[in-house]
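Asks: With chain P's structure known, arrange chain W on it following the hints.
Line by line, the protein sequences are chains P and W.
So for the first sequence, our numbering puts the first residue at 15; every next one is plus one.
So for the second sequence, our numbering puts the first residue at 15; every next one is plus one.
The hints are all genuine.
Copies of the same chain look alike in the list, so a pair counts if it fits in one copy or across any two.
In silico DSS-like links for lysine-lysine, alpha-carbon gap of 27 Å or less:
no., residue 1, residue 2
1, LYS36, LYS93
2, LYS536, LYS632
3, LYS397, LYS93
4, LYS375, LYS397
Think of the hints as simulated: they come from the structure by calculation, not from any bench.
Number of protein chains: 2
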Amino acid sequence: MSCNNAYWMWYPGDLEFYHAMKQNFSRVERGCAWPAFWKSEGFHSRVAFRREYELRQATAFSVLGVAGSQGYVQFDDEKHPFGEEILCGPGKHRISIHIGCIGCVPSVYVSGECIRSGAGWTVEDYDRDPVPAAFNRYFTDPERDPADWPMAEKAYLPVSEEEINGGILFSFETELTAALELSGSGCPVVFLGESRPEALDTENCYYSCVPDPVTRRCPRQAMRYAFLPGVKTGQYRVRAIHQYVDIPVQASFHSDDPVLDRIFSVAAHTFMLCSGVFFLDGIKRDKWIWGGDAYQSQFVNRYLTADREIEKRTLIALRGNDPVTTHVNTILDYSLLWILSVGTYFESYGDRAFVDAMLPKMESMMELCMSQREEHGFIVGRKRDWLFVDWADFDRDGPLCAEQMLLAACYRLMGELLPGAAGEKYRDANKDLLRRIEELFWDEEQGAYIDSFTSGRRHVTRHASIFAVLFDFADEPRKRRIAESVLFNDAVPVITTPYFRFFELEALCRLGYLREAMDAIKAYWGGMLELGAVTFWEEYDPKKPLEAQYEMYGDPYGKSLCHAWAASPIYLIARYFVGLRALEPGGRSYEVRPAPGCFRELDCRFPMGGKNLHITLKDGALSVEEN
Amino acid sequence: MSCNNAYWMWYPGDLEFYHAMKQNFSRVERGCAWPAFWKSEGFHSRVAFRREYELRQATAFSVLGVAGSQGYVQFDDEKHPFGEEILCGPGKHRISIHIGCIGCVPSVYVSGECIRSGAGWTVEDYDRDPVPAAFNRYFTDPERDPADWPMAEKAYLPVSEEEINGGILFSFETELTAALELSGSGCPVVFLGESRPEALDTENCYYSCVPDPVTRRCPRQAMRYAFLPGVKTGQYRVRAIHQYVDIPVQASFHSDDPVLDRIFSVAAHTFMLCSGVFFLDGIKRDKWIWGGDAYQSQFVNRYLTADREIEKRTLIALRGNDPVTTHVNTILDYSLLWILSVGTYFESYGDRAFVDAMLPKMESMMELCMSQREEHGFIVGRKRDWLFVDWADFDRDGPLCAEQMLLAACYRLMGELLPGAAGEKYRDANKDLLRRIEELFWDEEQGAYIDSFTSGRRHVTRHASIFAVLFDFADEPRKRRIAESVLFNDAVPVITTPYFRFFELEALCRLGYLREAMDAIKAYWGGMLELGAVTFWEEYDPKKPLEAQYEMYGDPYGKSLCHAWAASPIYLIARYFVGLRALEPGGRSYEVRPAPGCFRELDCRFPMGGKNLHITLKDGALSVEEN
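Next comes chain P alone, as it looks inside the complex (with noise of 0.2 Å):
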């Protein structure tokens, strides 16, 4: 902190579910404004902030609120308005300060010369016992206040422009998150498109807009191609003014293969185009908050940003508020991956802290979890919830094995964050409900968890045997069998989503199958950098042809083109292929063992531990230099 800045501060969550909403709220397709279809919590609306000074000096201090709220300032015995000046003898002094908001998180800026706003001060709610009062580096002008995100701007100029339709159609070198700007007189309908097809058809485009005439700026906007529809050359010039959180990137990547490396540079873009205040899963569409795409952003961050703020975002915004009544999007399964996310993060960065503060939010969402749970202790949905794994024909008649899994894997957590006896009871779950998988959902004939031990089908997927590779709840010879009757077996229906894909690789991985994870990665990444990819795109098919690879959902450009979970190269490449991984909790001990046979040559930074490695391998010689 600072000693020169204050810092906007509220109650802990309260940014987080504010600016959630926003974010979940500022869908828009073809018109049509699309607010994310589960139960959105509110922050709070009215809360007090208390701090004690003792002054060796006069001073003086002022307070604002956040535009729209009501309050004052109590000093000592005084009230005082918001923005009056308060002068203050030495001394010991109590100031607390009282605010009002309804239509935005209540929070306020204290400025002085020894008396501001940021560490040091409690927040109360009139419910709990009063804590220490949340603020952050983004909000330290007393100008922008906490309504608005403030965001990183930089300018792009199109590559090209081209007659075309009766237009002009402006490209840009990479897909952005933009206000497109124009110069020029009138206010011309803008067709914005993350494909070319897309901005030139003007019925199907998702996103048209008319510049503000002030401004001269179209709203912020997924976008690489703009089309003027009835525009002649040299009427308009634009500029792309692309706008972004500004997360440092920690990590680069060189080989001695241009493809990996190529794929590497574009995964780092697109995820980086996906990263702003919270995780979400792609910048066109939907631009929501989703707890299984953060999951396995998680993984991605570790190894490029390392920027634990994002994750603590976006951890604090999926959870909402107690009590909790609905899971995480309403999804069964990402409720429980966000308990593991929890443990991701921890294992990330070693933060004890952040998991303490989590933790009766962690229980309380256990206990809905294992309110949950039929007569053999497997969990099942309620009215209402979706039971969601993967896009896969499951046989979902009765408990699905998938998420058994998942709730072992949260069963042990917990019982690992948990000391004595409070965790006593979550280990045990995990040994009782481990027992109970390896009894009713383990075929050893087919040497795969089948899907439903209740309507007799005994039907495989792939996804519960990945869970167990993943979570380490298979032994070795069981591994090897899974690997062999199920990852390699073609009878087993193929994982078909990149976001399923992602888990699979990385089985492959821990079983050692590097070479196919490799070629695997080539071909699917590489396949899309061939049809001219400039950022990964939410599915491909390697057997459509560019132009078919535009639609999905049975929309025409349906397809997010810039996709959070296709960044999964960058953990895959770093933490099997490059090798480096945290020998424990926060990484301040790590390994680098580069996989065998896989690189000549190696020129690459990761964040760790807290540090930037640079690691090198040439003519055979590993160095890791940490800066």
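Replies: Relative to chain P, chain W alone:
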């Protein structure tokens, strides 16, 4: 419901929670906004409205969302933005409206010939089963969305204009909640006062402002006097634009006693000023919604407007959302009074549907209260709970008797409202608690209930005994004993607040001491009239001269001069002196039995059982005409 109108609609409770926050955050004193110091509950931020239509012919409709909202309309398989006209052919159609809104109640307005918002729509919150959407008669104009409550206006001209203290003092005939409007150029500072001394005291006046340069209006504020310093006669003309929620008064009272007539009339004016979107305590200070004040307002309202809507709004707003973790206004006894308020509402209107809608919240509130019982079953406060009862010197050691009386009354009500086994536990608890009260709080020697049985001081105040009379926990001999040893015993500290004086006067009436009650009414309220009151005050000390009446809470103008609880004569006159009372909840049967010897003549109107009764007494003949 009119066929020509559509209604804004929202999730039940959301409008009340939102406007309650606006109300409770609207207090301003000498430039300091002072939002109410209790947990303030949020409305939903994401809901969906649904309805199916079977159309005989083609029609069209369109949907508006509240300002600042995001959403779309799903019409069968099509999506449409808000504001677009949607054409529909004959046949069966499914419509859903999806809306997210952070800053205001997510509410929508559907207009069309056949398809429009109002009754018949459901709304869901992505947590529980859909419920019927809420709407009301105040929100029928598409141009005026639920962000602001539409106020009726009436302009008042000043009755005098006086050069004084180097400026002009404008006086109005009575107190108003008005936006002062200036004609004349420039924007002078205006000081507004409930009293003449307050307006002239530019140092200590509660409210000063500068008119908006465009509308020429000051913000709406309680006022009777407006002082413009440094201004000359003729420089400005002013009007007070009284702004109010239009709730028709249904009562009038004329008797052979002009003082009583005047008391009734001023009480009615006072009460209507304090009755807006919700029952308020006062109109200058603090304009908050208080559970104890609201409970009393219900009794007055029953006989004055019989407007059940303001009661429902107030009850919904006070209670907030489940789970309930804090008490109404932080006050334990106000939580108990809230429960009793639902019973009072039922007595007034016989509206079982609303009671049933509130029952789950009554039960959860009872659960919270019952979780605070000590070993004898007596309710005690938690950290941060305020045990108010009244401003009085109670012996607050251990459980307080008056709180137990309220708890016993709540048990009885719950036992009456809940049939069979569900009510049994409350009926049992009521018996047990009354037995324990008798055992530990009744002091046979003093003929009174003691405040505390744990301190050994056996201190007596009037409050518990008054509740024992009002709730009929004391039998006839016990009531006589209480009258003698408590109510008419000067050694027991007198009630000092008009709040509890309401209860005491009603106890006197119940015990048949009508003459004493009438004398008290005429002395206290008549005393205020003699000092020139045009509205009744928060408190009145007959021993002080007028100029010493404005101080309260250590503030020279701290006293509210227009306070709801001061309207109690309306209830006491109607119920006990005119002798009008319902014989069943809702008052479809009732009796009128004027207090013997009290009036020679009566000509009054009161609402009862959905009718308006014209009651006359002349030459010993009583007549009741139903309109």
